[in-house]
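S.K.: Respectively, the protein sequence lines represent chains R and E.
What the first sequence shows, in numbering that gives the first Met the number 0, is residues 0 to 249, in sequence order.
What the second sequence shows, in numbering that gives the first Met the number 0, is residues 0 to 556, in sequence order.
Incorrect hints may have been included.
[Unchecked claim] In silico DSSO-like pairs for lysine-lysine, Cα to Cα no more than 27 angstroms straight-line:
hint : chain 1 : residue 1 : chain 2 : residue 2
1    : E       : K31       : R       : K135
2    : E       : K354      : R       : K97
3    : R       : K13       : E       : K548
4    : R       : K191      : R       : K67
5    : R       : K133      : E       : K31
6    : E       : K354      : R       : K135
7    : E       : K124      : R       : K244
8    : R       : K97       : E       : K501
9    : E       : K354      : R       : K133
10   : E       : K548      : R       : K244
[As the list claims (entries may be wrong)] Here's a subset of chain E near chain R, in silico, CB distances under 8 angstroms, partners left out:
hint : residue
11   : L101
12   : L115
13   : I116
14   : I236
15   : A251
16   : I258
17   : D264
18   : E272
19   : P279
20   : Y333
21   : P350
22   : E351
23   : W470
24   : S471
25   : P543
Hints are computed from structural coordinates only; laboratory data are not their basis.
The C-beta atom is built at its ideal place from N, Cα and C for all residues, glycine as well.
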Amino acid sequence: MDNSSNDYHISFFKPTTPQSVANRNMIVWFVCIWAVAIFGFQILLKVLEKPTPEAAYLAFEKVWDKVKNGNASEAELQIFAQSTLSVLGKTTITPNDKSTLDKALSWTVYQLSDPDQKIAVKNGIENLNSISGKIKSISDPQYLEAKNTLINLVSPIIAIDPKEIRAKILPFELVSLPQFILSDTDQEAIAKTMSLYLIHNQSFLTDFKFLGFPFHYFYTAIFLLILFVGLCWFYCVRTDQINAKLNIVD
Amino acid sequence: MKKYILPLFLLLTIPNILNAATAATQLEGDFKVGPAIILIIILSLFVLVGILFRAKDTNDYYAAGRGISKIGSGMAIASNWMSAASFLGMAALMYGSGYHGLSYVVGWTGGYVLLLILMAGQIRKYGKYTAADFIGDRYYSQGLRAVGAIVAILISISYCVGQFKGIGDMFGWILGMPFFYSVILGGGVVLLYTLISGMLGVTKNMQIQYIIIIISFVLPLFILTYKFDYFWLLPPIGYGSVVTDIVNGLPAAETSQLINSLGHDFAIVPSPEFAMPWDPSTGQTFFQWIAIAFSLMIGTAGLPHVIQRFYVVPKARDARWSVVWGLFFICILYWCAPAYAAFGKVLSSNPEIGKLSKDAIVVYTAQLGNINPLITGFLAAGAISAAFSTVSGLLVTGASAFSHDLYVKVLNPQASPKMQLLVARIGTVAMAIIVTGIALLNLGLIAQLVAVAFSLAGCTIFPLFLLGIWWSGSNKQGAIAGLIAGSLVSLFAITYFVAGVKGIKLPYYEFINYWLGAWYFAWIGAPLAIICNIIVSKYTKKTPVEIRKFLIETVHS
Numbered sequence: 000m001d002n003s004s005n006d007y008h009i010s011f012f013k014p015t016t017p018q019s020v021a022n023r024n025m026i027v028w029f030v031c032i033w034a035v036a037i038f039g040f041q042i043l044l045k046v047l048e049k050p051t052p053e054a055a056y057l058a059f060e061k062v063w064d065k066v067k068n069g070n071a072s073e074a075e076l077q078i079f080a081q082s083t084l085s086v087l088g089k090t091t092i093t094p095n096d097k098s099t100l101d102k103a104l105s106w107t108v109y110q111l112s113d114p115d116q117k118i119a120v121k122n123g124i125e126n127l128n129s130i131s132g133k134i135k136s137i138s139d140p141q142y143l144e145a146k147n148t149l150i151n152l153v154s155p156i157i158a159i160d161p162k163e164i165r166a167k168i169l170p171f172e173l174v175s176l177p178q179f180i181l182s183d184t185d186q187e188a189i190a191k192t193m194s195l196y197l198i199h200n201q202s203f204l205t206d207f208k209f210l211g212f213p214f215h216y217f218y219t220a221i222f223l224l225i226l227f228v229g230l231c232w233f234y235c236v237r238t239d240q241i242n243a244k245l246n247i248v249d
Numbered sequence: 000m001k002k003y004i005l006p007l008f009l010l011l012t013i014p015n016i017l018n019a020a021t022a023a024t025q026l027e028g029d030f031k032v033g034p035a036i037i038l039i040i041i042l043s044l045f046v047l048v049g050i051l052f053r054a055k056d057t058n059d060y061y062a063a064g065r066g067i068s069k070i071g072s073g074m075a076i077a078s079n080w081m082s083a084a085s086f087l088g089m090a091a092l093m094y095g096s097g098y099h100g101l102s103y104v105v106g107w108t109g110g111y112v113l114l115l116i117l118m119a120g121q122i123r124k125y126g127k128y129t130a131a132d133f134i135g136d137r138y139y140s141q142g143l144r145a146v147g148a149i150v151a152i153l154i155s156i157s158y159c160v161g162q163f164k165g166i167g168d169m170f171g172w173i174l175g176m177p178f179f180y181s182v183i184l185g186g187g188v189v190l191l192y193t194l195i196s197g198m199l200g201v202t203k204n205m206q207i208q209y210i211i212i213i214i215s216f217v218l219p220l221f222i223l224t225y226k227f228d229y230f231w232l233l234p235p236i237g238y239g240s241v242v243t244d245i246v247n248g249l250p251a252a253e254t255s256q257l258i259n260s261l262g263h264d265f266a267i268v269p270s271p272e273f274a275m276p277w278d279p280s281t282g283q284t285f286f287q288w289i290a291i292a293f294s295l296m297i298g299t300a301g302l303p304h305v306i307q308r309f310y311v312v313p314k315a316r317d318a319r320w321s322v323v324w325g326l327f328f329i330c331i332l333y334w335c336a337p338a339y340a341a342f343g344k345v346l347s348s349n350p351e352i353g354k355l356s357k358d359a360i361v362v363y364t365a366q367l368g369n370i371n372p373l374i375t376g377f378l379a380a381g382a383i384s385a386a387f388s389t390v391s392g393l394l395v396t397g398a399s400a401f402s403h404d405l406y407v408k409v410l411n412p413q414a415s416p417k418m419q420l421l422v423a424r425i426g427t428v429a430m431a432i433i434v435t436g437i438a439l440l441n442l443g444l445i446a447q448l449v450a451v452a453f454s455l456a457g458c459t460i461f462p463l464f465l466l467g468i469w470w471s472g473s474n475k476q477g478a479i480a481g482l483i484a485g486s487l488v489s490l491f492a493i494t495y496f497v498a499g500v501k502g503i504k505l506p507y508y509e510f511i512n513y514w515l516g517a518w519y520f521a522w523i524g525a526p527l528a529i530i531c532n533i534i535v536s537k538y539t540k541k542t543p544v545e546i547r548k549f550l551i552e553t554v555h556s
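Please model the complete structure; the sequences and the hints are all you need to start from.
M.R.: Below is the structure:
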């Protein structure tokens, strides 16, 4: 700052008084810490990340070629059905992707069923759909019975425990269609959907746990906010000190 | 310690257990008596405080007589800031997009560091009433003052739209009425309250509102963490294990005793997409994370109603310390908000629940967690308080811009104080009507709608304040150039967004919508506005000496 004449001028980058120099230096430090803490960490996350598949994807990958080619064994079809349920249980799934996997799951269940089971599954789905449209409460006994019947019927077919979370998803994912075939388009959509939902960006920063959190989550959701308050507090203390030193009164 | 608290929790949860098995749609349900009574009591309290501390003249109306302490002002900053977007919107984004939602948490807090170190004290030292006042004075132009006032009004309207949506959602949930009517009713109530109280009442109310907001938000989390067997003494830390459980999956066998209010297990399939950065399944990218955080941060430092809070403290030192207090009070809520998304994720994981409105996930989480309906009602009333406190501040800011900056300073300098107050109130009514109309269009999630206001502020007001304070070389012509550049980017981005929502595909829609998204266009708009301002200022007439002298002798001394 030069206020010795009429040429008053102030510029952040060219301070001329002790106060403005101290202030400028402090601001530069704070902005650097702030920027590195926020953006530096996210860039580090980006640099370190590796596409990491879930266990369900690895299982899917092992059997997918055979399922696609129509030569999968019963156990392989069961693994395929289980892996689709791992995606269908995710709340983020879009209606389109859900529809794709619903079809794949239902196709697999029909492949694994004997003729009697096929009829029973078909009737079970239609019965549940019919009751669902009429009930006012999900604790309706008729509805509960239809739902549990379907769970108990289909769970053994795809080899899952009727009490586990994926079994409880089943009744809402099975669809009843007269004839199931998985077209090339369906197969392409299934592979794409499975990789979309089952492969994630992970690194040691996301795998390491701190106070129960994945570390990167703790850093961003908790630590950064503590840092912001700390930076603000420290800035005010330093400004008060500088002002006291230079006899500046607000 | 649990044994002492168990009876209390039983007391709180017994009424709900009786009604545990309800249809998913009943989460929305009909008229809820308990929450409605709580809402009426809280609103009555606000109006009463508003009447007791009502504005007596324009000085009171605009700047609360500059008699607010730094802690009080910090509480008011926090209350003013903690809107429906903070209360409802952040959890909604994290519920839907996981880690991506944290860009909003970081953006809406990190901006205060910039605001403090670059502006807070200097703004107070400049000693004006409104953002437009500063712009008009610093850039010695009545035209720029008028444009600044119009931009401030547009930002306030844009910000209010998200709040009115939140008010509508919560009024609808409590009163069991359709969104259309709940927005109109909620908008009418907040308008009435603002007209009665003015800013002095608003500031006093904001302190009370802060306490109500924070208690209503944190209390259910203590209960949730306790009930579902997490570290409940400090919920912002306790929910960390919920996040890890979501990532790894929570088998039903491990939580067989824990169920939600609909009887579903507290279980979830492995869902790493909730916590992993920019997960492909969320459709959000690294660029968007960075752009949103950056835009929200610079938007924070450019929001007229936030800047205006620094005019109501007695000294520059108080302005600085009020930011520290304000940010601390804000962070208490922001540390907790992701916990609602995490619990909501597990509690709503059964497909039988169906699609829940993301913007109401905070309340649904409390409901699904089988928390006493009165506490859930208090939570909803807290959400309404959060929206009210922000809307009041915004309407006062918009009315100030309309009355003080446009009417008095540009159109009718001889206006009497009574006339000024009348015009301010007419401006408030007009804004509320416009906001209600836009809110009814239901253009997006609360937090996203609010983020538009931040980008708008980041492209227009932020560059003017930043350069106006820190570089005396920035002159009127530079300010006009910067404002034009920032406004054009804003106009472009918002036009593409609205067209997209209405199903109109403009040329290069995908490209523009990605790189100039409505929630984050300030990432490019703000730097562009600053560059234009600097270049034009360099090649045009210098800033008048009296302004440069004022900057040195008053603002930076």
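S.K.: With reference to the structure, classify each hint as holding or not holding.
M.R.: Tested hints:
no.	hint	in the structure
1	E:K31 / R:K135	holds, 18 angstroms
2	E:K354 / R:K97	holds, 13 angstroms
3	R:K13 / E:K548	holds, 16 angstroms
4	R:K191 / R:K67	holds, 13 angstroms
5	R:K133 / E:K31	holds, 24 angstroms
6	E:K354 / R:K135	holds, 17 angstroms
7	E:K124 / R:K244	holds, 20 angstroms
8	R:K97 / E:K501	holds, 26 angstroms
9	E:K354 / R:K133	holds, 19 angstroms
10	E:K548 / R:K244	holds, 24 angstroms
11	L101	holds, 5 angstroms
12	L115	holds, 5 angstroms
13	I116	holds, 5 angstroms
14	I236	holds, 5 angstroms
15	A251	holds, 5 angstroms
16	I258	violated, 12 angstroms
17	D264	holds, 7 angstroms
18	E272	holds, 6 angstroms
19	P279	holds, 6 angstroms
20	Y333	holds, 6 angstroms
21	P350	holds, 4 angstroms
22	E351	holds, 6 angstroms
23	W470	holds, 6 angstroms
24	S471	holds, 4 angstroms
25	P543	violated, 10 angstroms
Hints 16, 25, counting from the list given before, are not met by this structure.
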